[in-house]
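Peer 1: Given next are the chains, with one letter for each unit.
There are 2 protein chains.
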Amino acid sequence: MIEMQKRHKCHGGSIGYYCHDSHETKTPMRFSLFEPPESQKTGLYVIFLSGLTCTEENFTAKANAYQKASALGLCILAADTSPRGETIPDVEAYDLGQGAGFYLDAVQKPWAENFRMESYLMQELLPLCEKNFDLNPEGKSITGHSMGGHGALTLYLKYPGRFRSCSAFAPITAPSQVPWGQKAFGAYLGDAPEEWQQHDATELVKKAKSTSENAPILIDQGLEDDFLAEQLKPEFFAKACEESGQALTLRYHEGYDHSYYFIQTFINDHLEWHYRALSRS
Amino acid sequence: MIEMQKRHKCHGGSIGYYCHDSHETKTPMRFSLFEPPESQKTGLYVIFLSGLTCTEENFTAKANAYQKASALGLCILAADTSPRGETIPDVEAYDLGQGAGFYLDAVQKPWAENFRMESYLMQELLPLCEKNFDLNPEGKSITGHSMGGHGALTLYLKYPGRFRSCSAFAPITAPSQVPWGQKAFGAYLGDAPEEWQQHDATELVKKAKSTSENAPILIDQGLEDDFLAEQLKPEFFAKACEESGQALTLRYHEGYDHSYYFIQTFINDHLEWHYRALSRS
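Chains as they are written, first to last, in this note's numbering: chain A, 11 to 291; chain B, 11 to 291.
Hint data in this document are derived by calculation from the structure and do not stem from the laboratory. Treat the hints loosely; a few may be bogus.
Identical chains share a label here; the pair holds if one copy fits it or two copies do between them.
Stated by the list, open to error - In silico lysine-lysine, BS3-like type, Cα no more than 27 Å apart, as pairs:
1) K16 / K216
2) K249 / K51
3) K216 / K168
4) K51 / K78
5) K193 / K217
6) K141 / K36
7) K36 / K168
8) K216 / K72
9) K193 / K216
10) K16 / K72
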């Protein structure tokens, strides 16, 4: 059961905020879905995964994506970043617990019960939306920002053929090697190096068998991003892509930081990138 | 002294958040300024005034204005909606006091000391910004949303020749005749019908002497706007414009509501509207 909470007409289409009870996270979960005007609808869609501290609303309100999505006839689905609620485990830190689900299934206590964002997205939210809205299961791509960029890259690599293309804004690309990732992986996955590798984009791309069949990945990264040197490490991912044969377009942008002002500047390029992949027959 | 609080590169230009101590409101006041890329700069600028409850950030983050502003070489200045602070008068209601300054100078206690938004904008903020940034004092236009649409219309009509053009999104056009306006005008101006008329766009346009010299005004209004029938009354303003010879383009849009999703859909039209007026020699 999907409950619509609010819906606004926007660029001829509509942006809706929705809530449903998730059996994976055992909580209510929210998402937003932009649908282009009826006359433009293609059924093709892009999933956007947000970064630390965000909800489904940050992208929806701030990314300026819907003018282009309307023109291209794309739907855009934006998910929340974790389960939430007073009874759900959390810590005070912004980079662990609620708002910081890292798009994986936790196996450690107290997280394992609810923090199942990978299964939530892949087994529940996407099928649910494909059933309830005009979304083509064969026509989806994935993108995201920061922690959500990590989510987009890892889900793309873990589920070959499921997404037609992948891109990311300032993604965490090698979580096993940076403080944000080490903290989250340690808490959610425990002291288990092999388990960590299953959720690390740089490790995944090294082992991927289907890289030659994958669409090229697009990554945009601002050079004034405060997190670039310590947390994001796109150069690690680029090296792994080169070694494994995964095509990658990595663009560095002078002056841009980690904010949604950076995302809104390049979102149209990403939507066009995905549209090209999605509309190829 | 203007203090920059943060600044982000955006669409090749930059969006800055600033703070300064206002002698009109006797408080720190914040604003945002988008500046296009150096190569695009014209010195021309548009002032945006927000609606009830907003700060300078709502427009800045949600209106999607900067791609077009960058392309046209326009700066955009977004102001706050009132003085703020623990020692500043306020009430619990969202439509009076902090966040609800109505862009006029209050004369009643306890508001008169700080709630001087008209003088703040006209005598302080605009001259300050024109002195400190590359803004052409002869090249500015004004727009706004809801209460800020009222602000844009009234300041345009009160200060002939000061703004090259005026537009509004879902403005309060006849505050003396609607609950929001009656409440605010009663509190800020007292029981003084003649005083009210000096701050009511519909009354001002009836008395304006220079309407034949004014640029046409553009108003966009959504037909699913919950406040349309009770608070906004664009038909009152349209009738007054017709009688006084003020050219007006009033567009009604099926399905659109009062939100920033409505504003983001039509902001490019407004920027192009102002750019045409501003770039006329």
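Peer 1: How do K16 and K72 come out at 27 Å by Cα distance, when the copy is not named: within, between, both, or neither?
Peer 2: both (17 Å within a copy, 17 Å between copies)
Peer 1: Using 27 Å as the alpha-carbon threshold, which applies to K141 and K36: within, between, both, or neither?
Peer 2: within (20 Å within a copy, 57 Å between copies)
Peer 1: If the cutoff is 27 Å on CA atoms, where do K193 and K217 land: within, between, both or neither? Let me know, please.
Peer 2: within (24 Å within a copy, 67 Å between copies)
Peer 1: Indicate which option fits the pair K36, K168 if close means a Cα-Cα distance not exceeding 27 Å: within, between, both or neither.
Peer 2: For K36 and K168, only the intra-copy Cα distance (24 Å) is at most 27 Å; the inter-copy one is 58 Å.
Peer 1: Checking K216 and K72: alpha-carbon separation at most 27 Å within a copy, between copies, both or neither?
Peer 2: Answer is neither; intra-copy 34 Å and inter-copy 39 Å both fail.
Peer 1: Quick one: K16 to K216, C-alpha cut-off 27 Å, is that within a copy, between copies, both, or neither?
Peer 2: Answer is neither; intra-copy 43 Å and inter-copy 39 Å both fail.
Peer 1: Check K193 against K216 for me: Cα-Cα at most 27 Å, and say if that holds within a copy, between copies, both or neither.
Peer 2: Within. Shortest intra-copy distance 23 Å satisfies the 27 Å Cα cut-off; inter-copy 66 Å does not.
Peer 1: 27 Å Cα cut-off: does K216 pair with K168 within a copy, between copies, both or neither?
Peer 2: Cα proximity of K216 and K168: one copy only (12 Å, versus 67 Å across).
Peer 1: Indicate which option fits the pair K51, K78 if close means a Cα-Cα distance not exceeding 27 Å: within, between, both or neither.
Peer 2: Answer is both; intra-copy 13 Å and inter-copy 25 Å each pass.
Peer 1: Could you figure out if K249 and K51 sit no more than 27 Å apart (CA to CA) within one copy, between two copies, both or neither?
Peer 2: Result: close neither inside a copy nor across copies, 38 Å intra and 40 Å inter.
In this structure, the hints that do not hold are numbers 1, 2 and 8, in rising order.
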